[in-house]
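There are 2 protein chains.
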Amino acid sequence: MASNASSQGLAGVVAGETALSTVGKEGAGLTYRGYSIEDLAEHATFEEVAYLLIEGDLPDREQLDRMRVRLQGQRGLPDALRSSLELIPANAHPMDVLRTGCSLLGCLEPEDSFEQQTAITERLLAAFPSMLAYWYHYSRNGRRIETVTDEPGIAGHFLHLLHGRAPSEEHVRAMDVSLILYAEHEFNASTFVARITASTLSDIYSAITAAIGTLRGPLHGGANEAAMALIERFETPEQAEQGILDALSRKDKIMGFGHRVYRERDPRSDIVQGWAKRLGAQCGDDRLYAVSERIHAVMKREKNLFPNLDFYSASAYHFLGVPTELFTPLFVFSRTAGWAAHVMEQRAHNRLIRPSADYTGPQPRIFIPLDAR
Amino acid sequence: MASNASSQGLAGVVAGETALSTVGKEGAGLTYRGYSIEDLAEHATFEEVAYLLIEGDLPDREQLDRMRVRLQGQRGLPDALRSSLELIPANAHPMDVLRTGCSLLGCLEPEDSFEQQTAITERLLAAFPSMLAYWYHYSRNGRRIETVTDEPGIAGHFLHLLHGRAPSEEHVRAMDVSLILYAEHEFNASTFVARITASTLSDIYSAITAAIGTLRGPLHGGANEAAMALIERFETPEQAEQGILDALSRKDKIMGFGHRVYRERDPRSDIVQGWAKRLGAQCGDDRLYAVSERIHAVMKREKNLFPNLDFYSASAYHFLGVPTELFTPLFVFSRTAGWAAHVMEQRAHNRLIRPSADYTGPQPRIFIPLDAR
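Residue numbers (the working numbering), protein chains in the order written: chain A, 1 to 373; chain B, 1001 to 1373.
Check the hints yourself; a few may be wrong.
Not everything, but these chain A residues come out facing chain B in the computed CB check (under 8 Å) [as the list claims (entries may be wrong)]:
(1) D39
(2) M67
(3) L71
(4) Q72
(5) G73
(6) A92
(7) S103
(8) F114
(9) N188
(10) V193
(11) G217
(12) P355
(13) S356
(14) T360
(15) P369
It should be emphasised that the hints constitute simulated quantities derived from the structure, not laboratory data.
Ideal placement from N, C-alpha and C gives every residue a C-beta, glycine not left out.
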């Protein structure tokens, strides 16, 4: 057990309990508080899913309307935050910008009591798209955009701010489904970090800031950007076939395939693949989706690996006009709901999370004074 | 095993390997890369210890001198960071300020390659005291201080910036010893968070930012501030005796006693207790140290609990003129060395850290459309 946990990154080690989601349980795929991801992606909106994760049950019409009003009312950013975002250069990593913006908001509107945790979660859900879009337009064009829109949901709000105009209903729905798919995923690395941070009884901004920094890595949230970079390398499906075979023979890691927990398939992938296909056809794409499908087929044939959520999300986001460097921040907009729900769950039954380590260092050594070294 | 790990915050679960320190191994107490904490606190400086943790061996004179020159040369802060610190109000939590400052520095001077990890570690070691002091003086007095001093070490640099004058040799040495004691402590919560963040191949600023947010909690780094608040409640040892007995009868948690890993004693406590006694005597204290000793005696007698590092650190810092709200940030100045060394160790043998969870939520549920709820 010990060396197993040690060498394998806690793979399969139960580190706690959760009532939030099942990931790959007995072929059951993914559920959020008992609802299948297929049903949620087909019938719900992201705001309903965020409510479900945070409150434990789906909202009724009145609860949902009230939540939407609260979220719409919190899209503005404090002056100090806007001024700070203006100081961050255009070549900064957008995840670093969100990490910093979240941390700074924690200085300006601190969590003085855990009773504020739900209100702060909603504040972050409402403010993250505004933060990112404000910095993005200011750093690139020097434009100080108005971050308040009358879009009913977070998906439309962000697309509106990004493109400077109201998005189509279909684009809003595609983005909304993507936010639903990314909202929660049990004890992944960033969520586990949020829980450990919360387990010291630190504030919720610290937990979400830590989670953003963790999600940033290419072995986690950064994978959708890496998948896009891969897909864009190829002009045709034939080039893709050859390129992937070459990469596999060099034992390169192909991002967007396989999963630590899922063994046979990622239930989110079919859903986002459907959207990528539809969005591509609509905008006259005759390359990216076809290349994606071929990479998928080669990976299945050669390695028996399945695409995970990140793989088809890349082309779907591209068809929505989202620049590649903003893919992982979209993941933040959504996963904030899951992170916050885990922070609340950790706080409700808290014990400090503090494991042990196997020592592999030198035996006791005699100290030698500086001038005798 | 599963329910054990789950209910007990991974207590005793081996989550990886480290060559950096032993904590409570077979009564051996605490060693950093094989050197006992007693030897290091008696004979070394903090910069030697930071070098030891980062590089693996103690530096010789030339290596140490070169490192000191590098650190001294990096005490200045970029304009954008100073301007952002000026936007953070005086009532912000100083740990939130360091968390934000670290994150922002990661936007301004990003880690483009892991080859920069040692240089960035030194940059953070040099810049954290400057960040904190700059914000502290500006937010309270509107003064834009010069953050470069000619103090040879980090301990003296911070005391100089805080008090606006060169500190005494003895105060520098007391602070230096404290930084040595706090520098590294195996898989504590903040360090484990830094390693998980690093395990996604995210950047080192993300890992240190996450660790700061985790250290902030009162069950972790925040304990020294809580210990100070406790000690200051009592005017005399007799009041302390009664107050602690009352608190114990109410089953209040007394901060600064006991430890997740140490069973019999915290080897760091005797060292810092000696310094607290000496500094108190020097500055004519006839209350805080005596109160501290009495609380210690009552906790030993009533609960057989020993003080951990945080307990006597509180009065030692107080005697050095450090405001209580800056105690945990001092922990950051020091532990940055340990965090960074763990990030480097994680990267050298990386596997994504991603545990599992036991599911305790609802069974599969049928989705009910919004208007039917």
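So which of those numbered hints doesn't the model satisfy?
2, 3, 4, 5 and 8
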